[in-house]
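The listed protein sequences derive, respectively, from chains A and B.
Residues in the first sequence are numbered consecutively from 10, following this note's numbering.
Residues in the second sequence are numbered consecutively from 1329, following this note's numbering.
In short, the hints are calculated from the structure, not lab data.
Only a predicted model underlies this, so the values are computations on that prediction, with no experimental measurement involved.
The reader is advised that the hints may include incorrect statements.
What the hints assert, rightly or not - Only part of the chain A face toward chain B is listed, based on derived beta-carbon distances under 7 Å:
(1) A24
(2) R37
(3) E39
(4) G140
(5) P153
(6) V183
(7) P186
(8) Y200
(9) L241
(10) E259
(11) A262
(12) L265
(13) E271
Claimed, not checked - Here are the simulated DSSO-like cross-link-like pairs (lysine-lysine), alpha carbons at most 30 Å apart as the crow flies:
(14) B/K1401 <-> A/K169
(15) B/K1522 <-> A/K69
(16) B/K1401 <-> A/K30
(17) B/K1522 <-> A/K60
(18) A/K237 <-> B/K1644
(19) A/K237 <-> B/K1504
(20) A/K249 <-> B/K1645
(21) B/K1644 <-> A/K249
(22) A/K249 <-> B/K1401
(23) B/K1618 <-> A/K249
Note that CB positions come from ideal geometry on N, CA and C, so glycine has one too.
Listed here are the chains, written in short residue letters.
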Amino acid sequence: MNIIVCVKQVIDPEAPPRSFKIDAGGTRAEMQGAPPVIDPYGEFAVEAALKVKEAAGNGKITALSLGTGLLREVVKKPLAMGADALILLEDAAFAGGDGWSTASALAAAIRKTGEYDLILCGREASDTNAGQTGPGIAAILGLPCVTLVRRIDVAGDTAKVERVTSAGYEVVEVPLPAVMTVSNEIGEPRYPTIKGIMAAKKIEPVVWKPADIGIEPSQVGASGRRLKMNRLFQPVHEGKCELASGETPEEVAANLAARLREAKIF
Amino acid sequence: MSESSGVAVYGEIADGKLLPIALEGLGIGRKLADSLGQEVAAVLAGSDVAGLAAGAFAGGADRVYVVDDPLLKDYQPDAYVSVMEKVIGQVKPRVLIMGQTDVGRDLAPRLAFRLGVPVTMDCVELAIDPASGRLLQTKPVYGGNAQAVFTSDADPQMVTIRTKAMTPLQPDNSRKGEVVKIAAGLDASTIRTKLVDRVIEDVAGIRIEDADVVVAGGRGIGGAEGFAQLEELARLLRGAVGASRPPCDNGWVPDTVQIGLTGKIIAPELYIAVAISGSSQHLSGCSGAKTIVAINKDPEANIFRQARFGVVGDWKKVLPAFTARVKELMAG
Ligand SMILES: Cc1cc2nc3c(=O)[nH]c(=O)nc-3n(C[C@H](O)[C@H](O)[C@H](O)COP(=O)(O)OP(=O)(O)OC[C@H]3O[C@@H](n4cnc5c(N)ncnc54)[C@H](O)[C@@H]3O)c2cc1C
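Extracted from the complex, chain A is given alone in its bound form (with noise of 0.2 Å):
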């Protein structure tokens, strides 16, 4: 059972938004005062992996990221975690891409590994909100798909599949080899543990350049762009909250209902 999860190094989505910066050039992100972390739904999509090969009782998960000003002690999460190889794009002809230059290297590279049965990525990233490496991966190596994915059954070469609805969920059959998009649904991704941090610190990441997968520098990163970023800005939000007060707690909350009343709220 090879799983291929790919994962990539984010600014920290969970910081307060009061914190989130954008640069004055208007094209870069930054979270003041918290470092990068990996993407919470690539973790996700880790601890998915982990399960699979947990039930199938043997097999490798490489962890796949690409990007740029990669810190170790970040990508290295999913090898803390339990995977057991670390591959990295890390090339400034990577930088500034879009979900169709992403996903041209990832699959290019997933390709180089050579054999894969199962590849998962997020559902959707925490910058770009997208969701859209992983069908990306799957149309260009032309593998089935599943989105939005709560749990993985594999038995033989198919994978029985639940897959999160607005309403639920449904259960789908596909052959493997294929790429799923896991979500939050499929459980708390867990903690590295101290002899998986150890572990994760003798493993050295193997590093690729364009040229190492096969394509050219003008298909990827900012070159390989299909979507132009005309502009990035910080919406204003010009609200004024009303605090109820009081004596005590109990005397707060009458207060607030009694202004709601009175505001014609309820």
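Position chain B with the ligand relative to chain A; hints supplied.
Chain B with the ligand only, in chain A's frame:
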């Protein structure tokens, strides 16, 4: 590119009905087509769906393309991608609008990669740039902390739209148009994924997406017992109970009541957020509420930046007293 014309709207269907998102798509599609001086086409794909064309015309379509095939009874990605690829090849729209639903999230990116064009997911604003005539695609990014405006040089310019972000037209049943049938031409052997079962986990009572009042709890509620207290207030206000993601992940409430970017997008009259910090991802799902009321013990919590009314305090003390007073006031 020059031969492309018009705006096509994917008319998503469930349980034999056009979904509200289809009418929202037609509403904005009509606006865009009018500013281009072109037509709006609705695409209806499914089994036994021809009867829904009238609703699409009433919603703003000039022409309706119908693909009716038993193989399209349930949404199945391989079948739908292939049908939509065929339809788009024939219709050649300049703009293609789909909904950011569980179907759209799956179908739109796969269709885009098949067609060789980009797609912008979850748009909250769409307009035609008067200078270039191209579609300005505005979408939240970074969980809602920012928005970005995208354009594409290739046709169709593909987008999905966020639920409740666009306004449907007042239905006009006198509107008529041409219905064009397109054969699905599906080869069943190309359908790789197979739908085995569809499980509905709907909760009892009013659905959060339909409720005028939603009482929602966050991680700070601490367990299922706390949600029973929210339930009491919701019942009193004839509303529904919702949640941020942690209570769903922890199994305190069903996953289907999650509100936010990756949950439901709602726009009730009143949203009462209890022990919810107000992450941008959560606010993505409730900022359309007319009035937000927040109860949180942390005066710095981000929810107070969005709320109209609030209480800083421990919900365990505040909520029972609040519910009791609401009850008294409602009794007159
Ligand atoms: C890509 C992505 C998508 C996401 N999608 C969603 C989504 O759709 N919906 C969603 O909700 N989240 C989503 N999240 C998660 C989101 O980032 C936050 O982690 C989540 O919204 C936090 O939930 P919370 O406010 O309940 O918890 P917390 O942020 O932990 O806040 C708990 C709050 O409770 C308050 N509190 C604690 N005890 C008490 C008490 N006794 N009385 C009063 N107040 C108390 C605290 O002050 C705090 O403000 C997403 C994240 C990512 C990265």
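Restraint satisfaction for A/P153 [CB to CB of chain B, less than 7 Å] | holds, 4 Å
With a cut-off of 7 Å on the beta carbons, see whether A/A24 makes it to chain B.
-> violated, 9 Å
Satisfaction of the A/E271 interface hint, Cβ to chain B closer than 7 Å | violated, 10 Å
Can the hint on A/E259 be confirmed by a CB-to-CB distance to chain B that is less than 7 Å?
-> Holds, because the Cβ-Cβ distance from A/E259 to chain B comes to roughly 4 Å (cut-off 7 Å).
Quickly compare the C-alpha distance for A/K249 and B/K1401 to 30 Å and report which way the hint goes.
-> violated, 49 Å
A/K249 and B/K1645: Cα distance at most 30 Å?
-> Holds: A/K249 and B/K1645 sit about 24 Å apart, inside 30 Å.
If you take the shortest Cβ to Cβ gap from A/R37 to chain B, is it below 7 Å?
-> violated, 11 Å
Sort out whether A/K249 lies within 30 Å of B/K1644, counting only the CA atoms.
-> Between B/K1644 and A/K249 the Cα gap is close to 25 Å, so the pair holds against 30 Å.
Given the hint that A/K237 pairs with B/K1504, test it: the Cα-Cα distance must not exceed 30 Å.
-> It is violated: about 37 Å lies between the C-alpha atoms, which goes past 30 Å.
Is the Cα-Cα distance between B/K1522 and A/K60 30 Å or less?
-> holds, 23 Å
Given the proposed pairing of B/K1401 with A/K169, does the C-alpha separation stay at or below 30 Å?
-> Satisfied, since the Cα-Cα distance of roughly 21 Å is no more than 30 Å.
Taken at face value, is the distance from the CA of A/K249 to the CA of B/K1618 at most 30 Å?
-> holds, 14 Å
Checked against the numbered hints given earlier, this structure breaks hints 1, 2, 3, 7, 8, 13, 16, 18, 19, 22; the rest are met.
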